[in-house]
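In the order they appear, the protein sequences are chains A and B.
For what it's worth, our numbering labels the leading residue of the first sequence as 1, then goes sequentially.
For what it's worth, our numbering labels the leading residue of the second sequence as 1, then goes sequentially.
Keep in mind that the hints were calculated from the coordinates and are not lab data.
It should be emphasised that the depicted structure is a prediction, and the values quoted were computed from it without experimental measurement.
The beta carbon of each residue, even a glycine, is placed where N, CA and C say it ideally should be.
Hints are supplied without guarantee of correctness; some may be wrong.
Residues of chain B clear of chain A, computed beta-carbon distances all greater than 10 angstroms [claimed, not checked]:
no., residue
1, SER61
2, LEU142
3, ILE144
Derived DSSO-like pairs: lysine-lysine, alpha-carbon spacing no greater than 30 angstroms straight-line [to be verified]:
no., chain 1, residue 1, chain 2, residue 2
4, B, LYS154, A, LYS10
5, A, LYS10, B, LYS64
6, A, LYS10, B, LYS120
7, B, LYS64, B, LYS154
8, B, LYS120, B, LYS154
9, B, LYS64, B, LYS120
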Amino acid sequence: MNRRPEDIRKALDAALSGASHDPTLFHRVVNASKGDSPPVKRKLTLSMALVLILALMTGTAAVAATYRGVSWFLTERENQTVDAAYLMDILEQHHDSELLDIRVVDAYWDGAKLSMAINFAPRDATLSLGTYCHHYEGQAAHQCRNETLDLLLDIAGTGIKITAGAEDTRSYGASYDYYCEEDDSLTIMITFGVNDMSQPVSVMIPFRTVLRSTGKAEENRLSCYLPPLADPIAPHEHNWAPATCVSLETCTICGRTQGGLGKHNFQPEACHVTRTCDICTYSYEAAHSINPDTGSCYCGVIH
Amino acid sequence: MAETERAHSREDTLRRLMTEYEIPIRRMCCVYLRDEDLAADAVQETFLRAYTALDRFRGESSEKTWLMRIAVNVCHSMRRTGWLRFIDRRVTLDQLPEPVVHADYSLSELTIDVMRLPQKLLDVVLLHDYQGFTAREIGSMLGIPYQTVISRLKTAHTRLRVSLTEAEKGGAPE
């Protein structure tokens with residue numbers, strides 16, 4: 001026990017022994033303090049602005065374009081701090097939410113605004129999504145940066161009238177993110193106005209709809225220790241319809257939802273044919289192709 | 001003339017601070033941010049803030065305490081505002097500068113476990129066990145009560161117990 005601090009110091013000293021003096025640091029700091037040479041942070045901000053402008057130019061309202069947009073963003077950052085190929089791989093995985101539990105833990109409709117608290121809990125604690133938010137209004141693509149939002153978030157829907165947002169009137173408000181150290185999850189609260197409740201509203205994270213109608217709750221609570229909402233009916237009276245890729249498990253009597261989204265219903269399953277979800281129409285390009293010489297898939301499976 | 005002298009004096013102070021504390025601060029930032037380039041940004045930002053506030057530093061704490069407090073704040077801030085990045089929470093030693101001293105397996109594992117600690121625990125472990133600050137100094141730096149520092153240290157050590165046990169054995173697990 002007495003060796004604890006020494007062991008930690010010894011371990012870190014060895015692991016960090018490669019950290020060395022930066023001979024240019026002094027001049028960079030002095031110059032930055034005079035404004036001659038902007039610090040790295042400001043340079044990044046400039047490149048971020050450029051990325052945003054170009055992304056706005058290239059964006060379209062299609063989900064596929066969203067995907068390309070993200071790809072493009074990541075590629076732009078490739079030479080700085082991220083590995084685009086690896087990140088796209090993560091995105092692919094997140095598409096099926098294999099690594100992320102997504103739950104709408106609370107929703108509140110006050111007659112003019114819809115607020116939702118969405119909880120993201122990584123199933124694999126090695127991952128989290130970086131800060132980036134993105135939404136569409138009709139056919140117009142709009143992307144925004146929110147420093148308190150640490151997730152990729154798409155909001156779409158013909159019934160949405162975006163009202164909240166400090167810098168951009170079209171932006172929704174992401175009021176707070178709540179990081180819970182207990183389960184390493186993140187909860188965000190988003191609020192936006194809805195001008196026509198007869199139109200469907202969908203929130204997609206990322207590319208998956210997690211809520212497709214307004215929810216209702218007694219009050220707005222944002223905590224990782226959320227108690228369950230009071231049941232309007234006795235628990236045994238619920239009649240749960242199964243979750244699909246666009247809807248949560250929903251009680252057909254009281255409308256209450258629970259759990260996460262179901263999986264896409266990809267058809268057909270063959271690996272050499274583009275698979276399409278017959279519920280939300282999202283398609284996955286075929287992973288393989290047929291070798292014309294053998295008539296079988298390159299993966300070796302004879303279909 | 002006096003202005004020029006004062007500027008030279010400030011630059012001399014900055015140079016001295018960098019000579020003494022750049023490496024410890026860089027190491028701290030590397031562990032916090034798990035990225036050598038981000039750590040370089042953080043070090044620059046730390047010294048920039050210190051240089052800007054040099055005239056306001058009244059010596060109420062040691063220079064090291066003052067600089068570490070700035071560095072911790074910078075790192076916290078950078079971790080909160082990571083932009084357009086996917087943060088890879090997989091922790092490997094590859095995220096640190098190439099070491100010149102190679103530790104045995106158990107110490108490497110211990111380093112990784114330290115890097116995996118949640119931020120609040122990482123704060124106290126780095127400042128106490130690595131930088132050698134007392135719990136009271138850490139409390140003052142982080143703005144938390146002394147008892148909270150002790151409690152976090154205890155929690156962190158409990159989490160690290162397995163690694164520490166391995167470190168004491170000094171051998172790689174089979």
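Tell me the hint numbers this structure goes against, listed in increasing order.
Hints that this structure does not satisfy do not exist here, as all of them hold.
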